[in-house]
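J.: Model the placement of chain B on the given structure of chain A, informed by the hints.
Number of protein chains: 2
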Amino acid sequence: MSHTDAAEPDRPTVDVTAAARWLDGQVLRTPLLRSPVIDRLVGAQVLLKAENLQTGGSYKMRGGLYAVGRLAAAGHGGVVAQSTGNHAVAVALAARRHEMAATVVLPVDATPSKVARARGAGARVVLAGSSVEERLAVARRISDETGHPIVDAYDHPDVISGQGSASLELIEDADRAGTPLDTLILPVGGGGGVAGACLAASDRPIDVYGVEPVGCDSLAHSLIAGRPTPVPPAATIADGLRPSCVGELPFDILRTRLRGVIRVDDDEIAAAFRLLLMELKVLAEPSGAAGLAGALSLAANGATRVIVGSAAPVVVPGDGSRQRTVGVVLTGGNVEADLVARLATPVLPREGVAV
Amino acid sequence: MSHTDAAEPDRPTVDVTAAARWLDGQVLRTPLLRSPVIDRLVGAQVLLKAENLQTGGSYKMRGGLYAVGRLAAAGHGGVVAQSTGNHAVAVALAARRHEMAATVVLPVDATPSKVARARGAGARVVLAGSSVEERLAVARRISDETGHPIVDAYDHPDVISGQGSASLELIEDADRAGTPLDTLILPVGGGGGVAGACLAASDRPIDVYGVEPVGCDSLAHSLIAGRPTPVPPAATIADGLRPSCVGELPFDILRTRLRGVIRVDDDEIAAAFRLLLMELKVLAEPSGAAGLAGALSLAANGATRVIVGSAAPVVVPGDGSRQRTVGVVLTGGNVEADLVARLATPVLPREGVAV
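Line by line, the protein sequences give chains A and B. In this text, residue positions in the first sequence follow the working numbering: the first is 16, and each later residue adds one. In this text, residue positions in the second sequence follow the working numbering: the first is 16, and each later residue adds one.
Treat the hints as calculated values from the structure; they're not laboratory data. Ideal placement from N, C-alpha and C gives every residue a C-beta, glycine not left out. Fair warning: there could be bad hints in the mix.
What follows is a set of in silico ranges between Cβ atoms, one per label pair, in the way DEER data are often shown [unchecked claim]: (1) Gly230/B - Leu151/A: 55 to 65 Å; (2) Ala356/A - Glu187/B: 33 to 43 Å; (3) Ala88/B - Pro51/A: 19 to 29 Å; (4) Glu114/B - Pro361/A: 26 to 36 Å; (5) Ser145/A - Gly193/B: 40 to 50 Å; (6) Ala250/B - Gly193/A: 42 to 52 Å; (7) Thr28/A - Asp54/B: 43 to 53 Å.
Computed, partial: chain A to chain B, Cβ under 10 Å [said to hold, decoys possible]: (8) Pro51; (9) Asn67; (10) Gly92; (11) Met293; (12) Leu358.
Covered stretches of chain B, as calculated for chain A (at least 3 residues, CB under 8 Å) [stated by the list, open to error]: (13) 66 to 79; (14) 89 to 98; (15) 352 to 358.
Excised from the complex, chain A in its bound form (with noise of 0.2 Å):
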């Protein structure tokens, strides 16, 4: 469940075994939630990780407190993050617990409920333009000016073990339950949590699928091109799931383990939340709903799937009939009370529900 690359002896280790060992009792271990409704819609298992329920409302917690605790172990007196929020959150809760400086960098339009939960931490928080290339100029200014260092929101070791840390969770309560996983689902932003995923899989027969929203699909382009390829940032309620171009790190790991990426439109997320929200019982941001609407997605439709690991990428509909056990991880639930109220009620009239 680690990966180094020969070719950079220098290069860290992702370890998510670690990861997981050194988080133990730092994190919840939250629960695997089902509903039958689910499960009947999707035609198999459905596990869910509910992480929208881990301490900071994300898994992003995980990574956070996980970097941040090394550099505190190593003498780091503060940290720098940017992020469009989860991260920030994390980053400003672990500093917190370790008793460091953080300063956080959001976007001038950052939701204001994430800039209340970054300066509740105790973070100082800069709003800083609006595209990731600004906001990382400042953060880099910051951790000149400061020395402190800057803690990544995908491309860093640690953070990409801390966040595989959840799915190494769910696959070990998964065979516990004795339904071990054939299939595992996370939502994609910079690629960390679901490159993650793929090392916490790696020694068991789990195809691992990363979910896209439309028109945010720079890991399923980066695959077929071969190399992190940046797309212009299309809109899409899944706020998170929005950086132009995925890590340099996860794609190294993604782009010879992972099965697939699925991709989803806003309708299909928004039913996902709803499903959430109303048989599951718990809220998650639209990020994080994502997951399930990959599953949902690729059971129903046969969604269309970029096969990596071999010398040439092919790109072909999608099989979910072999789906038995279906693991997805609910990645956060931080959202705006006023985008619960408008997805809660769903525009087209609605199937009736039945237990």
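T.: Just chain B, lined up with the frame of chain A:
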């Protein structure tokens, strides 16, 4: 953890421990959830037992499954129940699991999703009247015709025992976590759940409180009067807490064991609903959120408490100051999407959130 009345030797025993043993593996052992924001608002550690995540969407599954299961074991081929919602769904699901016939009597204005859930579980649904008395008369007629016994929603020893198993799990898990409860709070409809909680807590120094919506406070009136006392049902968003009178068997348990009643209004219930949704990331129905509303009221306002257990019950100003670890049972999560959308955003400007 059991209750019998020496004066009435034929009255069946209410035994929470036996029910918990019977239900082990039959229902989900739902997780205890926490939120630092809720802890701060209540001024205590608050352990929330997420029975909204229970099979069937409410803790009514426990009492329904235990009562129906024992009737199945006794050779009955079917059951009859009347309810405004969750108990009917629970009995329907329990009957299906035991391959029994189920007839459930719901009010003519029952919420469509509860009708759909009961039908989806295979029950025959009869829509009749809008009062408990009308539905009970129809249920009795059907019971006479079919020979299938009625499973009352709260005035039934196995139902009280089953519901009590949720409180027993909460108490045990709090002990195991090293944070034993001082206080245990549940919403009150017919009083079955809170009566079960009193029995579950009976060998420990835990104050048990019931929460009633303003105007639906039959238990408070009954404790003062010394006998079950109906109140004309008032309007409340907590539709599950509107029985016009507490049950006789629950009252018999509660009159000597309950620490007090906390009255909450719709605004307090709606605020608790939002806290659960936006901070804890779970969907509770308003009736399910009423327990947290009671915990907030007890801590913040020194809620009026009806002190029982003395010859002459007295009403005194409350004192929440000695709460250190408060257990709250989130009893259910079955709610209409329209109401979720309406409750998700507050009418008044809301204070900023902080982690």
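J.: Confirm or reject each hint.
T.: Verification of the supplied hints:
One distance hint, 55 to 65 Å for the beta-carbon pair Gly230/B and Leu151/A, holds here, with the actual separation near 57 Å. A C-beta distance of roughly 37 Å is found between Ala356/A and Glu187/B, which places it inside the suggested range of 33 to 43 Å. Separation of Ala88/B from Pro51/A is about 24 Å and conforms to the stated range, judged on CB atoms against 19 to 29 Å. The supplied range of 26 to 36 Å is met by Glu114/B and Pro361/A, whose beta-carbon atoms lie about 35 Å from each other.
For Ser145/A paired with Gly193/B, a C-beta distance near 46 Å keeps the hint of 40 to 50 Å intact. Range check, Ala250/B to Gly193/A: about 48 Å between beta-carbon atoms, so the 42 to 52 Å window is met. The given range of 43 to 53 Å is broken by Thr28/A and Asp54/B, whose C-beta atoms sit roughly 37 Å from each other. A least Cβ separation of about 8 Å between Pro51/A and chain B falls short of the 10 Å threshold, and the interface hint therefore holds.
Because the smallest distance between the Cβ of Asn67/A and any Cβ of chain B comes to about 5 Å, under 10 Å, the interface hint for this residue holds. The beta carbon of Gly92/A is not positioned within 10 Å of any beta carbon in chain B (closest approach about 22 Å), and the interface hint is therefore violated. Because the beta carbon of Met293/A sits about 6 Å from the nearest beta carbon in chain B, less than 10 Å, this interface hint is met. At about 9 Å, the closest approach between the beta carbon of Leu358/A and any beta carbon in chain B falls short of 10 Å, and the interface hint on this residue holds.
For a cut-off of 8 Å, the count of residues in the stretch 66 to 79 of chain B with a CB near a CB of chain A stands at 4, and the three-residue condition holds. Check result for the stretch 89 to 98 of chain B against chain A: violated, 0 residues qualifying (beta carbon to beta carbon below 8 Å, three or more required). Chain A is given as covering the stretch 352 to 358 of chain B, and this holds because 5 residues of the stretch bring a CB closer than 8 Å to a CB of that chain, at least three being needed.
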